[in-house]
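Chains A and B, in that order, are what the protein sequence lines are. Sequential numbering of the first sequence, starting at 276, is according to my numbering. Sequential numbering of the second sequence, starting at 276, is according to my numbering.
Hints may contain errors.
Result set (DSS-like, lysine-lysine): computed pairs, CA atoms no more than 25 Å apart in a straight line [unchecked claim]:
#1 B:LYS606 / B:LYS549
#2 A:LYS606 / A:LYS324
#3 B:LYS482 / A:LYS549
#4 B:LYS324 / B:LYS606
#5 B:LYS606 / B:LYS341
#6 A:LYS482 / B:LYS341
#7 A:LYS606 / A:LYS341
#8 B:LYS324 / A:LYS482
#9 A:LYS482 / A:LYS341
Computed footprint of chain A on chain B; a stretch qualifies when at least three of its residues, placed anywhere within it, have a C-beta under 8 Å from a C-beta of chain A [stated by the list, open to error]:
#10 385 to 399
#11 495 to 506
#12 514 to 527
In silico negatives: residues of chain A with every beta carbon more than 10 Å from chain B [stated by the list, open to error]:
#13 PHE386
#14 ALA433
#15 ILE515
#16 ASP517
#17 LEU520
Quick caveat, the hints were computed from the structure, so don't treat them as lab data. These numbers were taken from a predicted model, which means no experiment stands behind them. Think of the CB as a built atom: it goes at the ideal place given N, C-alpha and C, for glycine as much as any other residue.
Number of protein chains: 2
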Amino acid sequence: MLATLLAARPRFAAAAARFRSAAAAETWYVGGRSHRNATSVPLSALFDKLDRGLTGICLYGLAPPKLATDPERLREVAAQQVARLRLLAPDGLVVYDIQDEPGRGEQARPFPFLPTIDPEVYAHNALAELAIPKIVYRCVGAQPREVFSSWLDSLRGADRHLSVLVGAPRGRSQVPALPLADAYALARAAPNLMLGGIAIAERHVAKEDEHQRMLAKQDAGCRFFITQSVYDAASTKSLISDYALSLESSGRAPVPLVLTFSPCGSTRTLEFMKWLGISFPRWLENELRHSTDTLARSIDLCESVFTDVEDYARQKRLPVGINVESVSIRKAEVEASVELYRRLSSRLGR
Amino acid sequence: MLATLLAARPRFAAAAARFRSAAAAETWYVGGRSHRNATSVPLSALFDKLDRGLTGICLYGLAPPKLATDPERLREVAAQQVARLRLLAPDGLVVYDIQDEPGRGEQARPFPFLPTIDPEVYAHNALAELAIPKIVYRCVGAQPREVFSSWLDSLRGADRHLSVLVGAPRGRSQVPALPLADAYALARAAPNLMLGGIAIAERHVAKEDEHQRMLAKQDAGCRFFITQSVYDAASTKSLISDYALSLESSGRAPVPLVLTFSPCGSTRTLEFMKWLGISFPRWLENELRHSTDTLARSIDLCESVFTDVEDYARQKRLPVGINVESVSIRKAEVEASVELYRRLSSRLGR
Chain A
276 MLATLLAARP RFAAAAARFR SAAAAETWYV GGRSHRNATS VPLSALFDKL
326 DRGLTGICLY GLAPPKLATD PERLREVAAQ QVARLRLLAP DGLVVYDIQD
376 EPGRGEQARP FPFLPTIDPE VYAHNALAEL AIPKIVYRCV GAQPREVFSS
426 WLDSLRGADR HLSVLVGAPR GRSQVPALPL ADAYALARAA PNLMLGGIAI
476 AERHVAKEDE HQRMLAKQDA GCRFFITQSV YDAASTKSLI SDYALSLESS
526 GRAPVPLVLT FSPCGSTRTL EFMKWLGISF PRWLENELRH STDTLARSID
576 LCESVFTDVE DYARQKRLPV GINVESVSIR KAEVEASVEL YRRLSSRLGR
Chain B
276 MLATLLAARP RFAAAAARFR SAAAAETWYV GGRSHRNATS VPLSALFDKL
326 DRGLTGICLY GLAPPKLATD PERLREVAAQ QVARLRLLAP DGLVVYDIQD
376 EPGRGEQARP FPFLPTIDPE VYAHNALAEL AIPKIVYRCV GAQPREVFSS
426 WLDSLRGADR HLSVLVGAPR GRSQVPALPL ADAYALARAA PNLMLGGIAI
476 AERHVAKEDE HQRMLAKQDA GCRFFITQSV YDAASTKSLI SDYALSLESS
526 GRAPVPLVLT FSPCGSTRTL EFMKWLGISF PRWLENELRH STDTLARSID
576 LCESVFTDVE DYARQKRLPV GINVESVSIR KAEVEASVEL YRRLSSRLGR
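Can you make the complete structure from the sequences, with help from the hints?
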């Protein structure tokens with residue numbers, strides 16, 4: 276797979292150039308209204324919120340299609356996603372880097388792992404015509420140092436670029452893997468690269484040090500955080516609380532915390548989300564398992580979890596945003612993610 | 276201590292008689308208004324709610340004074356409590372049975388254990404003039420079978436009587452102690468005794484079987500449940516969820532679940548509550564520890580926890596009530612419990 280990714284990389288610069296020129300001239304037609312989409316508007320909206328550490332960042336997240344997808348189907352999928360995202364008009368698009376994680380728990384993966392198209396390539400090539408900033412995840416622990424360094428080199432002279440660096444996936448001890456701290460240190464050489472980090476409330480429950488990791492990542496250059504899917508309001512509020520207290524005691528300013536939400540339309544999706552490490556309070560899991568309409572119930576529950584967490588973050592004066600995704604590619608769940616995005620973004624004044 | 280309690284028991288029948296006659300003629304003056312307090316009114320209010328399994332039971336809870344309290348001080352304390360409770364006019368008064376629990380956790384008890392006056396004696400003797408039903412806790416695991424049986428005998432021919440039976444305290448293996456199941460079986464011989472049980476959400480987090488214990492207690496005759504202090508909304512909702520699901524699947528009706536709330540005015544009280552087994556989500560514990568007014572913050576938090584849990588119980592069509600107590604005898608904390616009782620009971624339409 277690595278060979279394929281490296282082979283695909285040279286397309287990136289060309290894709291980025293196309294992306295800029297296409298976006299600059301683009302006009303969006305949404306619901307019969309014409310939205311002149313000068314690139315500077317949505318791009319600057321996200322960068323402005325990040326630069327100023329504002330609340331209200333609204334993102335949509337997706338994983339790239341499987342590597343084995345045939346080219347025609349790939350074009351269809353990308354076209355659908357572009358159309359959907361133009362309607363939603365989020366501040367930015369998150370593209371995940373899906374890695375196999377054989378070491379995750381004792382349980383078998385509920386869905387088989389299939390490698391995906393490289394997220395950078397998918398974001399900046401297949402979705403090039405979508406003129407919104409892309410925040411691309413990069414699993415630095417899954418690649419050699421040289422790959423990361425040459426990627427940084429490729430960014431020289433480019434526009435501002437957004438990435439979320441992620442450590443080694445569980446159970447994968449690739450040698451020579453790049454430690455996350457080393458990746459942050461190397462990334463300082465790319466001043467136009469704006470970095471985000473992941474923040475995991477579930478990890479905070481067990482170790483009570485996730486807020487310290489966040490501060491360390493902030494010191495290493497992180498300008499925002501993205502959580503995994505939030506279904507457990509209490510653990511997320513606990514992380515927010517400890518983060519806010521440690522900012523206060525160290526006299527530092529917060530960076531935006533982007534809360535991820537994903538609909539859950541079936542017990543199979545639920546099992547997959549649990550396997551991914553997402554925690555569900557028992558009552559909430561019962562609600563999903565025993566609902567006559569799991570999907571509708573899940574987006575209602577996501578909305579109330581968001582309301583609870585957002586209210587608490589506001590009390591703590593922490594800027595929050597949203598990132599809505601579907602962990603499933605089932606049409607109903609993807610459509611529910613669109614509905615959920617609309618509800619949550621409207622709660623953030625969009 | 277046991278000898279003292281047994282010596283005190285004969286006073287119970289006389290106290291009960293006094294209690295009935297005093298209550299029958301009593302008039303309450305609350306805020307300048309005269310409330311004719313025919314015994315039947317408040318007594319029947321609670322029994323009516325219990326008999327019909329209604330929502331909205333409002334209780335106030337207290338522990339008896341220490342056994343070493345001198346008689347004059349004891350009269351003062353009882354008079355203050357009577358005055359306070361007349362103003363509050365709850366449906367009933369809960370009187371706890373405080374036992375030493377050397378086996379609770381690894382940590383030392385934050386406050387030293389001192390034996391208290393027997394709760395039956397305190398409720399029906401010292402507080403005899405308070406004409407509301409008393410729900411008296413009885414730790415059956417801490418006494419021989421004969422003591423329990425003779426207490427049941429003493430109830431023959433008396434009015435309806437309310438008690439919450441509790442098993443052996445941790446770390447106390449008194450031989451021959453009475454198992455809780457045996458106590459329930461013996462209590463069937465006292466038809467005028469209405470029993471409640473304890474329901475502990477924190478135990479449900481660890482074992483996920485507290486709802487089954489509740490059903491078994493219901494089968495054994497429990498007509499209501501009282502929780503320990505609720506600061507963890509999620510675990511309480513999880514217990515409610517599993518209880519509601521198991522009622523539905525077994526075709527049984529719920530009994531009222533009385534949710535206990537206690538203000539927390541200091542980190543010392545917080546440590547004591549944690550030692551008692553009360554769980555605090557980390558964010559909520561942070562709020563208490565870092566507030567400039569811990570006591571006021573705690574009653575705000577209790578109110579929001581109650582609102583969350585009560586809303587969920589309503590969705591599940593479970594009748595809930597409240598029981599407000601102060602685990603501390605500090606004046607400020609006792610006064611805060613009065614304020615908290617007012618707020619929560621008004622949310623239940625009082």
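Run the distance test for LYS324 (chain B) versus LYS482 (chain A): straight-line Cα separation, threshold 25 Å. violated, 45 Å
Given the hinted pair LYS606 (chain A) and LYS341 (chain A), is their alpha-carbon gap at most 25 Å? holds, 16 Å
Given pair status - LYS606 (chain B), LYS324 (chain B), alpha carbons within 25 Å: Roughly 32 Å between the alpha carbons, so the hint for LYS324 (chain B) and LYS606 (chain B) is violated.
Examine each Cβ of chain B, and state whether all of them lie more than 10 Å from the Cβ of LEU520 (chain A). violated, 6 Å
Decide, holds or violated, for the assertion that all CB atoms of chain B are farther than 10 Å from the CB of ALA433 (chain A). holds, 41 Å
Given the hinted pair LYS482 (chain A) and LYS341 (chain B), is their Cα-Cα distance within 25 Å? violated, 41 Å
So if I understand the rule, the pair passes when the alpha-carbon distance is 25 Å or less; does LYS606 (chain B) with LYS549 (chain B) pass? holds, 21 Å
Closer than 8 Å, Cβ to Cβ, for at least three residues: run that test on the segment 514 to 527 of chain B against chain A and report holds or violated. n = 4 at 8 Å, threshold three: holds.
Over 10 Å to the closest beta carbon of chain B is the bar; see if ILE515 (chain A) clears it. Non-interface label fails for ILE515 (chain A): nearest chain B Cβ at 7 Å, not farther than 10 Å.
Starting from LYS482 (chain A), check that the Cα of LYS341 (chain A) is at most 25 Å away, please. Between LYS482 (chain A) and LYS341 (chain A) the Cα gap is close to 34 Å, so the pair fails against 25 Å, i.e. violated.
Do the alpha carbons of LYS482 (chain B) and LYS549 (chain A) lie within 25 Å of each other, as the hint requires? holds, 19 Å
Coverage criterion applied to the segment 385 to 399 of chain B (partner chain A; beta-carbon cut 8 Å; 3 residues): violated (count 0)
Of the hints listed earlier, those the structure fails to meet are numbers 2, 4, 6, 8, 9, 10, 11, 15, 16, 17, in rising order.
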